[in-house]
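K.L.:
Starting from the given sequences, assemble the full structure and let the hints guide the process.
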Amino acid sequence: MDGRNKESKITIFNLVQAEHSRREFLKKTAIGSTAIILGSIFAKRVFAQRAERPTYSMILVDYNKCTGCRTCETVCSAFNNKVKIGEEELPGLGNPYYSNIRVYSFNPDVDIPVTCLMCGDNPCIEACPVEPDPKTGRKALYRDEKTLSIKNDLERCIGCGSCAEACRTKRIGVIIPNPQTGKPERMCTLCDGDPQCVKYCPYGALTHVTGRLDGKHYGFSIEEIANKLTKLWYYNEKNK
Amino acid sequence: MAEKLFGYNGVILEINLTSGKVEKKPLSPDDARKFVGGRGLGMKILWDKLRKPGVNPLSPENPLIFMPGPFSGFPIPSSSRTCVITKSPHTSPLKSKYPYASTISYSNMGGFIGPEIRFAGYDGIVITGKANSPVYIVIDNDKVEIRDAKKFWGMGTDEFDRKFIEELKDRRFRTCYIGPAGENLVEYACIINTAARAAGRGGTGCVMGSKNLKAIAVRGTKIPPVADHKRFLQLLEEARNGFKGTPYTENWRRYGTASAIISSSDAGSQAVKNYREGTFLDADKIGGISAEQKIWIRDFACYCCPLACKKSGVVRTGPYAGLVHDGPEYETGTMMGANLLVSDLEGLMKEIYDVDDMGLDQISTGNVIGFLMEAYEKGYIDSNFLDGIDLKWGDVPAILKMVRKIAMREGIGDLASKGVKRLSERIGRDSSKFAIHVKGHELAAWNVHVSLTQGVCYATANRGACHLNGHNPRSQNLNAMNDSLGLCRFAQGGFRQGLIRELLSAITGLDWTEEEYLKAGERIFNLEKAFNYREGFRREDDTIPDRFFEEPLTVGSRKGAILNRDEFKKAMDNYYKERGWDLITTKPSSEKLKSLELEFVIKELK
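Listed in order, the protein sequences are those of chains A and B. So this note's numbering is basically just the index in the first sequence, starting at one, shifted up by 14. So this note's numbering is basically just the index in the second sequence, starting at one, shifted up by 141.
Warning: the hint list may mix true and false statements.
[Said to hold, decoys possible] The calculated BS3-like cross-link candidates involving lysine-lysine, where the alpha carbons are at most 30 angstroms apart (straight line), are:
hint, chain 1, residue 1, chain 2, residue 2
1, A, K245, B, K284
2, B, K542, B, K414
3, B, K175, B, K193
4, B, K414, A, K245
5, A, K96, B, K414
6, B, K238, B, K711
7, A, K98, B, K371
8, B, K371, A, K96
9, B, K193, B, K236
These aren't lab readings, by the way, just hints derived from the structure by calculation. None of the values given here were measured: they were computed from a predicted structure.
P.N.:
Structure representation (structure tokens):
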């Protein structure tokens, strides 16, 4: 699998397979390439088979296609922070600081767009200490039934930061507490069903996938993903 | 100052490293209109700061100016550039009454730091003075801190890039920095960001080093206002669509500038063997197709750029196996490759890595080493002169030794750190014929034998030899504007005719007609020229090396190509006439300056 071969997807779901197949690749090229393709098919099948009962809707990043341009950050920021111009509400100008999807850069060159993984087992919601509302059953942090995204009830949130801590230690660290209020931010909104990052990524690195996925993610941190990609792309034995 | 300024933060950040004083100065709306941003506004600030000619470029007085433009920070495709403006530490006139006479210098870099400067609430950063000991600057919105950088002094740019971001504890800081070459005041040291992107030319890193400034880090949460929000969004949509799925985009993505390594060689326009030839017979060994097969792993893009011309790769075989870096691009591959007859792609990658790591300008470094190779081959110098280095064409280990010596200014490296003009003055004989510079600034990777207008481009560039200057006044004025917006040159071709002006109008609320746009470019170019004229640069400085008039190409499709002196003189006459400059002195006429609203310049040009 050549790094510039954009045909093979490398995502949070097949990162381990990709790593594994790279080792296989060293032994037998044919088997190696098959494994990587299987890896991505595997991820697709998991979604496809269970699509009849969608409980899951997320932005899937193909690390192989991302160039780190941050167009996703600006369009996310612009859409989710609208401004009032006269009578109209329009997208903002898009300072990437306010984006829910965030691209982290490493040297050697690896860029990792990070966005809410919509984890099936909700460690962030689990960590929320606010008593569930008797009527809705919702804690302050909850999964919205309509959009399937994670939302926060600003009225009931106490700004304790437990959700962010859970996301950071158990998952990828998407949730960042607001510096003033401590209340969680940066959960993906899926932009009312039309994710702007997917629409505007010039490289086709982002897709909106729906389906049902049981179990949990690998729980890699950003640094771990960076390490894996660095090894996979630059420091694998084939390059020596 | 009640006037609301659209498209700008309205604030220039000034940091004096001698006193530690930090000031936020208002940006004059008149300057913003007349000089736009980037290269233009930086030039105006330089003019205002240096009120007399002959200031030593390495003195605390010389400002180092980081200027994004009015496009910076907005998600307009490829609007990632920051221009660094200062008085050049590397150029010199043939004669002048001022011992430190030099041209202006501007050099721009991509990446992410230009937009971030605007996010932090500024339209530019002006650094003056000199710190007592090595420091770095952290700009976090309104908060500006000058911190101790002693532990980083001497560190190569690759390691520093990693260590610095760890020290800052937030990967969202955007940084730029110098390497050992800048610290050691090599005249053609550069400023680097993301370990590979550089404000390469004109010695910006040397001036930064002279201020004891290792690095700058910026982070911000703001964005300037635009005048017509709705219109801006419409034009933005159009600009983005213009890049979608076009052959233009696809070509840039696949090869970046490296495609030109072969095409330029085929056209006889490449710098080969210290510009003796225009065609490199081994071009295919170091060109984009080879690099794609053997080196490149990933494509990377600057801020909001759909082209991703940055190719990072890894060396897989030979003594440098495991080395990870960018390249080759056209300039790096030609100057450190073809110009030195290096056909070993893996060795070339190591050269490019070392030059970046040391923080040297790839172009001047390749040019200087090419000159030394030729002088050595011709017997003008021996290996004693070169501290025992057997500096033969194509010899990668010898080149690597020279690179290190230059960066450390050790032995021959001290003289070589001053460029080919100084080297040829020392070596003497007729070595000036093959010292390939204009005004002391080395030529870039485009050869001149095959193109008279390429000669005019180099001869008339305000920073000394510059391949990005433009071949005639109109293109030079347009390019000056492009460099003032914060937009990348490589993206120009992706915009519909007029779209750039319309975007600028929507952002600033001013009506940027084509006439006004070209006039602003002309104004910027003339202010730069006036600065140089005041320093003592005259027509005799606007020339190109003898080689291009005396030694025709001997290989390739353009074998026999050579320039004619009379034709060159005629082309230059026409150039000055079109510019409205004096044919003998090149002084811009008072009428011209008046028509460009540059009245304040007239009394300075006696």
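K.L.:
So, for every hint listed, does it hold in this structure?
P.N.:
Hint by hint, here is what the structure shows:
1. The suggested pairing of A:K245 with B:K284 is violated, with an alpha-carbon distance near 38 angstroms, which exceeds 30 angstroms.
2. With a CA separation close to 19 angstroms, the supplied pair B:K542 and B:K414 stays within the 30 angstroms bound.
3. This hinted pair checks out: B:K175 and B:K193 have alpha carbons roughly 22 angstroms apart, not beyond 30 angstroms.
4. In summary, the hint linking B:K414 to A:K245 is not supported, as the alpha carbons are separated by about 38 angstroms, beyond the 30 angstroms threshold.
5. With a CA separation close to 57 angstroms, the supplied pair A:K96 and B:K414 exceeds the 30 angstroms bound.
6. Simply put, B:K238 and B:K711 have alpha-carbon atoms about 29 angstroms apart, close enough for the 30 angstroms limit, and the pair holds.
7. With a CA separation close to 11 angstroms, the supplied pair A:K98 and B:K371 stays within the 30 angstroms bound.
8. A distance of roughly 12 angstroms separates the Cα atoms of B:K371 and A:K96; the hinted pair therefore holds under the 30 angstroms criterion.
9. Our distance criterion of 30 angstroms between C-alpha atoms is met by B:K193 and B:K236, whose separation comes to about 17 angstroms.
Going down the numbered hints, you'll see the structure goes against 1, 4 and 5, while the others check out.
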